[in-house]
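Protein chains in written order, with the working numbering: chain A, 1 to 138; chain B, 1001 to 1143.
Read the hints as simulated data drawn from the structure, not as lab findings.
Hints are not guaranteed to be accurate.
Footprint (simulated), chain A over chain B, 3 or more residues, beta carbon under 8 Å [stated by the list, open to error]: (1) 1013-1026; (2) 1034-1045.
One side only, chain A facing chain B, incomplete, derived with CB under 8 Å [what the hints assert, rightly or not]: (3) THR34; (4) ASP37; (5) TYR80; (6) SER82; (7) ARG87; (8) VAL90; (9) VAL91; (10) VAL115; (11) ILE118.
Built from N, CA and C at the ideal position, the CB exists for glycine as well.
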Amino acid sequence: MEADFFWDSGPKGALLTLATVVDDSGSYVNIQATQYDGGVVLKVAGRMDAVHATTFEEECKAWVAKGAGSVIVDLSELTYISSLGLRSFVVIGKLQQEKGGSFRLCCLTGLVKQVFEITRLDSVFPIHESVEAALARV
Amino acid sequence: MPQETRVRRLAADLASLGEAMEFALEGARAAGLPERRWEHVALVVEELFVNISSYAYAEGQRGEVEIRCETPERGVLSVEVADRGTEYNPLTRLEPNLPARLEDRAVGGLGIFLVRQLTDALEYQRDDGWNRIRFRMKAMPGA
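With the rest of the complex left out, here is chain A:
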């Protein structure tokens, strides 16, 4: 019942975890988790390339395993994504679907938005204009 305890404790809207991975070339990904009523918002900043996609996937999987009913990913500060990053979104989306939870994305911009559109993943996941709009659907 560790998951229940987790969800009942701590102030809502508080920053819980922060993961940053920087590789040799200075490319980085930074994932900031904030818990809200009924869900967690993961703000991903930096570049989600083949090296960094795993960091994101592991972080998401940890939240899914903790029983986060709703996982919202804020992509406002993600500047780059490749197919391995997209793969992680599909993996997590499927996991959440199997668990009966939801997986929502918000604030796609630039290349990230373009890549989601080209691959039509923008019609696979619920996409919102803002974190608030995504939270309103939780």
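Fit chain B to the given chain A structure using the hints.
Using the frame of chain A, we list chain B on its own:
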């Protein structure tokens, strides 16, 4: 105008991915591609590089990737990404099922699809033990 050629040989290892992308970005800047296309160049080179580092060489075999950037004319970048691994033409991969719902979507398979969408004149050649993928980048795909 004289054609400028830049060549870089790197270990076919994810640890070299950052350098491969940086090299491709230098090529994009040197070719005079508009800034919005720079990340497309990096993305295409990443997809091809990752395919090679994952599949081209046998486990434990030290393989390499050669990236060649040329500027045939101002505003056009021509790139070749080559390896000496197992013969494989990634362009024969089946198209992903894009209209499928989440439960029916394959987990992977989007890399080469993205490469096709973002490049012009994409071709594969097997040549004297090398797998060579060549593509061109212009201001906009198809321009």
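Indices of hints not satisfied (ascending)
Of the numbered hints, 3, 4 do not hold.
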